[in-house]
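**Student:** Chain by chain, the residues:
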Amino acid sequence: MVSIGIDSGSTVTKIAVVGNGAVIHADSAPTGTDPVRSGTMLLDRARAAVPADFGGESKVCVTGYGRKLLAHLGTQKTEISCHALGTHALVTGKLTTPDSRLTTPDFGLTPHASRLAPGFTLLDIGGQDSKGIKVDAGGHAVDFAMNDKCAAGTGKFLEVISRTLGFGIEGVSAAALASGRKARLSSMCTVFADSEVVSLTARGERPDEIAWAACYAVAERCAGLVKRMGVKGVLIFTGGVSDLPAVAEALKEILQVDVISPPLARFSGALGAALFAAK
Amino acid sequence: MPVKLQAQDELKSLMAAYYLEAKNASYNGKKVAWVSSGAPVEFLYALDYVPIYPENYAAMCGASKQSPALIAEAEAAGYLPDLCSYARCDIGADIVQGGPVMGLPDPDLIVAGTNICTTIIKWFQQVAYRKKKPFVAIEMPYLTTGLGKSEADFVVAQFRRFRDVAAEVAGVPFDEDRFVEVVKLSAEGSRLWGEVLDIARRSPAPLSALDAFIHIAPIVTLRGTEKPIEYYKTLLSELETLSRGGLIADAQHTRLLWDNLPIWFRLRRMSEFLAFRGAIVVASTYTNSWAAIKEIPRKLDDIYEALARAYLEPYINRNFPDRVKILSQMASDFSAHGMIMHSNRSCKPYSIGQYMLKGMFTKETGKPVLILDADMTDPRAYSDEQAEGRIEAFLEQWFQ
Numbered sequence: 001m002v003s004i005g006i007d008s009g010s011t012v013t014k015i016a017v018v019g020n021g022a023v024i025h026a027d028s029a030p031t032g033t034d035p036v037r038s039g040t041m042l043l044d045r046a047r048a049a050v051p052a053d054f055g056g057e058s059k060v061c062v063t064g065y066g067r068k069l070l071a072h073l074g075t076q077k078t079e080i081s082c083h084a085l086g087t088h089a090l091v092t093g094k095l096t097t098p099d100s101r102l103t104t105p106d107f108g109l110t111p112h113a114s115r116l117a118p119g120f121t122l123l124d125i126g127g128q129d130s131k132g133i134k135v136d137a138g139g140h141a142v143d144f145a146m147n148d149k150c151a152a153g154t155g156k157f158l159e160v161i162s163r164t165l166g167f168g169i170e171g172v173s174a175a176a177l178a179s180g181r182k183a184r185l186s187s188m189c190t191v192f193a194d195s196e197v198v199s200l201t202a203r204g205e206r207p208d209e210i211a212w213a214a215c216y217a218v219a220e221r222c223a224g225l226v227k228r229m230g231v232k233g234v235l236i237f238t239g240g241v242s243d244l245p246a247v248a249e250a251l252k253e254i255l256q257v258d259v260i261s262p263p264l265a266r267f268s269g270a271l272g273a274a275l276f277a278a279k
Numbered sequence: 001m002p003v004k005l006q007a008q009d010e011l012k013s014l015m016a017a018y019y020l021e022a023k024n025a026s027y028n029g030k031k032v033a034w035v036s037s038g039a040p041v042e043f044l045y046a047l048d049y050v051p052i053y054p055e056n057y058a059a060m061c062g063a064s065k066q067s068p069a070l071i072a073e074a075e076a077a078g079y080l081p082d083l084c085s086y087a088r089c090d091i092g093a094d095i096v097q098g099g100p101v102m103g104l105p106d107p108d109l110i111v112a113g114t115n116i117c118t119t120i121i122k123w124f125q126q127v128a129y130r131k132k133k134p135f136v137a138i139e140m141p142y143l144t145t146g147l148g149k150s151e152a153d154f155v156v157a158q159f160r161r162f163r164d165v166a167a168e169v170a171g172v173p174f175d176e177d178r179f180v181e182v183v184k185l186s187a188e189g190s191r192l193w194g195e196v197l198d199i200a201r202r203s204p205a206p207l208s209a210l211d212a213f214i215h216i217a218p219i220v221t222l223r224g225t226e227k228p229i230e231y232y233k234t235l236l237s238e239l240e241t242l243s244r245g246g247l248i249a250d251a252q253h254t255r256l257l258w259d260n261l262p263i264w265f266r267l268r269r270m271s272e273f274l275a276f277r278g279a280i281v282v283a284s285t286y287t288n289s290w291a292a293i294k295e296i297p298r299k300l301d302d303i304y305e306a307l308a309r310a311y312l313e314p315y316i317n318r319n320f321p322d323r324v325k326i327l328s329q330m331a332s333d334f335s336a337h338g339m340i341m342h343s344n345r346s347c348k349p350y351s352i353g354q355y356m357l358k359g360m361f362t363k364e365t366g367k368p369v370l371i372l373d374a375d376m377t378d379p380r381a382y383s384d385e386q387a388e389g390r391i392e393a394f395l396e397q398w399f400q
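Protein chains in written order, with this note's numbering: chain A, 1 to 279; chain B, 1 to 400.
Bound conformation, chain A alone (with noise of 0.2 Å):
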């Protein structure tokens, strides 16, 4: 027996096998214009990889914006619940990933075991939402914030600079890593700070710059949501804009506080969803 998670979000539907407390198998693809088709192809995926001796049942649990259209595979959980067990299990080391494609050994953590065991808070940035939750001892969100009706703060906003600059999404990151890291925008807005991306381009301001200046006021916006949660020490940050080390070098620039993402930080809400599915 298996239990299986799927997390249907904005830009990118993902799913995660957990059997055993160990997670056997974690894909993504993109969710495109049909949730049910993305997220029914990634279950077919899931259930051939895994291996014959878990028995061939499965309990599926679905999260994220596209789950009420994937009801009919299984119970539904929403994604601030499903993010923080998700990400509570892989702080703590309650699931144990035995492929090692899918994890480092040690990531960072154990520094801060103490500071995580009574709880923490976690900011998840994804493509359309950004949400800071905080959780208690036993992986419950107790408290959250999400943004607004707004890109600004999203993967959204990275993608539409990283389009204007001509760099891929990850390429963003790279560049703001190597800039100076001074420049900033000043407008909130997705379609303002575009706009004002073509303008810093047309003062000579370089591209790299530019880069470090999206991914700073993504991290200036999330804090805020942090912010309210309250955070001591130590930032857990999850979801697909977590993939870009630019944005965590600015989360702690601006929070003054330790930034860590786990392994699989990017499936925490579908881990969730499939802890949620074994109860």
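A hint or two may mislead.
In silico BS3-like pairs for lysine-lysine, Cα to Cα no more than 30 Å straight-line [what the hints assert, rightly or not]:
#	chain 1	residue 1	chain 2	residue 2
1	A	Lys156	A	Lys134
2	B	Lys4	A	Lys68
3	B	Lys325	A	Lys227
4	A	Lys134	B	Lys367
5	B	Lys367	A	Lys279
6	B	Lys227	B	Lys294
7	A	Lys279	A	Lys59
8	A	Lys94	A	Lys59
9	A	Lys156	B	Lys348
10	A	Lys227	B	Lys348
11	B	Lys65	A	Lys68
Beta-carbon label-pair distances, calculated as ranges [what the hints assert, rightly or not]:
#	chain 1	residue 1	chain 2	residue 2	range
12	A	Met41	B	Asp198	53 to 61 Å
13	B	Phe154	A	Pro245	54 to 62 Å
14	A	Val142	B	Asp164	55 to 63 Å
15	A	Ala52	B	Gly246	50 to 58 Å
16	A	Val198	B	Lys122	32 to 40 Å
17	A	Val198	B	Asp164	54 to 62 Å
18	B	Asp198	A	Gly55	52 to 60 Å
19	A	Gly21	B	His253	30 to 38 Å
20	A	Gly32	B	Lys65	27 to 35 Å
21	A	Thr92	B	Asn319	42 to 50 Å
22	A	Met41	B	Gly246	46 to 54 Å
23	A	Thr92	B	Glu385	30 to 38 Å
24	B	Ala76	A	Ser199	22 to 30 Å
25	A	Gly32	B	Lys122	46 to 54 Å
Hints in this document: simulated from the structure, not taken from any laboratory. Quick caveat, the model's predicted, so the values are computed rather than measured. Quick reminder that beta carbons are idealized off the backbone N, C-alpha and C, glycines included.
Position chain B relative to chain A; hints supplied.
**Tutor:** Here is chain B on its own, set in the frame of chain A:
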């Protein structure tokens, strides 16, 4: 699902008659005043004005989903999207003579109080400028340290000035006896409205506070006449029948408070969304803001002072410690388990400080609070998926 009340049809007729009378006021030789929701309408009814509430009209435009087109008209005329959506909605309705009653009748007098917000002063000033009509602004100071004699006297002096201007525009002398009658009717209407709201203290609650937002119209627009009194008696009797007859089918596991104005264009959907999840909003700070004078003093001067005090005390004119007391009392009276605070993009005075209030309320009562980003009449600042996802997460987190 929430029950559809028969009184709702009566409400429709009542409001249709009210707007019809307003539209025909000039034919009937009556003066029209545009009034903010927190202005002392008793003086106007005593002078036989037809008071019109642009805020109520904007709410109607929102509830009937006509606001986006009207807002677009105002923005096309140069009003910024950051301006209150009630203001944009009404300005748009005035430009195209749109909305449920095809625009409001022109005013002879315009009056606004600062007890609900200060945007309304600039908004109505602009109306006065366009319509070339007199405008009276009544300053009702924010109760930073509570309500004392000096604040009441300050407002009473302005009430007298307003009374004189209104009488001059109406061209008739002010009849103090008639005024006292109107104040009595206003107090009785408010008392009955309070009874309607208080019925939700029962479990199960026969009326959700989200549905009460609809029934607020008579106490806002017709306060000081017999009509709200008659209407709320009918409504109360129907609610009593529902309650005593055990006719409330919805499970109400989670009882919530609501802070701020409603999301007018999603009122029904929100009510059903909550009901489907076993939750109900039992009280709101907004619907409870229309409780006026409790007892009518004998002397006229004292009536003026009592009225001034009543108008100085709406929830959003109170300091934060007072607001927390009100919220905590409300949570206790209505046996609420938590609260949704609508962070309303349009209504800054209501929304500023909500994060602080949230913390203060939770510390005081131990009850959780969700802050929900939305707007009262501009659907462009709202996303169903985001808002409902947050409410669902809040319910899942605390109550399931």
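**Student:** A separate judgement is required for each hint: does it hold in the structure or not?
**Tutor:** Evaluated hints:
In summary, the hint linking Lys156 of chain A to Lys134 of chain A is supported, as the alpha carbons are separated by about 24 Å, within the 30 Å threshold. Proximity of Lys4 of chain B to Lys68 of chain A is assessed by CA-CA distance (about 28 Å); at most 30 Å being required, the pair is judged to hold. As the CA atoms of Lys325 of chain B and Lys227 of chain A are separated by approximately 26 Å, the hinted pair is consistent with the 30 Å bound. As the CA atoms of Lys134 of chain A and Lys367 of chain B are separated by approximately 16 Å, the hinted pair is consistent with the 30 Å bound.
The hinted pair formed by Lys367 of chain B and Lys279 of chain A meets the criterion: a straight-line CA distance of about 27 Å does not exceed 30 Å. Between Lys227 of chain B and Lys294 of chain B the CA atoms are separated by roughly 19 Å; this keeps the pair inside 30 Å, and the hint holds. Pair hint Lys279 of chain A plus Lys59 of chain A holds up; C-alpha atoms about 10 Å apart against a cutoff of 30 Å. For the suggested pair Lys94 of chain A and Lys59 of chain A, the alpha carbons sit about 19 Å apart, so the restraint of at most 30 Å is met.
With a C-alpha separation of about 28 Å, the suggested pair Lys156 of chain A and Lys348 of chain B falls inside the 30 Å cut-off, and the hint holds. Only pairs whose Cα atoms come within 30 Å are accepted, and Lys227 of chain A paired with Lys348 of chain B is accepted, the gap being roughly 21 Å. Distance hint between Lys65 of chain B and Lys68 of chain A is fulfilled; the C-alpha atoms sit about 26 Å from each other, no more than 30 Å. Checking the proposed 53 to 61 Å range against Met41 of chain A and Asp198 of chain B shows it holds: the Cβ atoms sit about 55 Å from each other.
Between Phe154 of chain B and Pro245 of chain A the beta carbons are some 60 Å apart, a value that agrees with the proposed interval 54 to 62 Å. The given range of 55 to 63 Å is respected by Val142 of chain A and Asp164 of chain B, whose C-beta atoms sit roughly 57 Å from each other. Restraint check, Ala52 of chain A to Gly246 of chain B: a C-beta distance of roughly 56 Å satisfies the suggested window 50 to 58 Å. With their beta carbons about 35 Å apart, Val198 of chain A and Lys122 of chain B fall inside the hinted range of 32 to 40 Å.
For Val198 of chain A paired with Asp164 of chain B, a C-beta distance near 59 Å keeps the hint of 54 to 62 Å intact. Range check, Asp198 of chain B to Gly55 of chain A: Cβ separation about 58 Å, and the 52 to 60 Å hint holds. Roughly 33 Å separates the CB atoms of Gly21 of chain A and His253 of chain B, a value that falls within the hinted 30 to 38 Å. Distance hint check: the CB atoms of Gly32 of chain A and Lys65 of chain B are about 31 Å apart, consistent with the given range 27 to 35 Å.
Taking 42 to 50 Å as the suggested C-beta distance range, the pair Thr92 of chain A and Asn319 of chain B conforms, at roughly 43 Å. A beta carbon spacing of about 50 Å between Met41 of chain A and Gly246 of chain B agrees with the range 46 to 54 Å that was offered as a hint. As the Cβ distance of Thr92 of chain A to Glu385 of chain B is approximately 31 Å, the hint placing it in 30 to 38 Å holds. The supplied range of 22 to 30 Å is met by Ala76 of chain B and Ser199 of chain A, whose beta-carbon atoms lie about 27 Å from each other.
Between Gly32 of chain A and Lys122 of chain B the C-beta distance comes to about 47 Å, which sits within the given range of 46 to 54 Å.
Of the numbered hints listed earlier, not one is contradicted by the structure.
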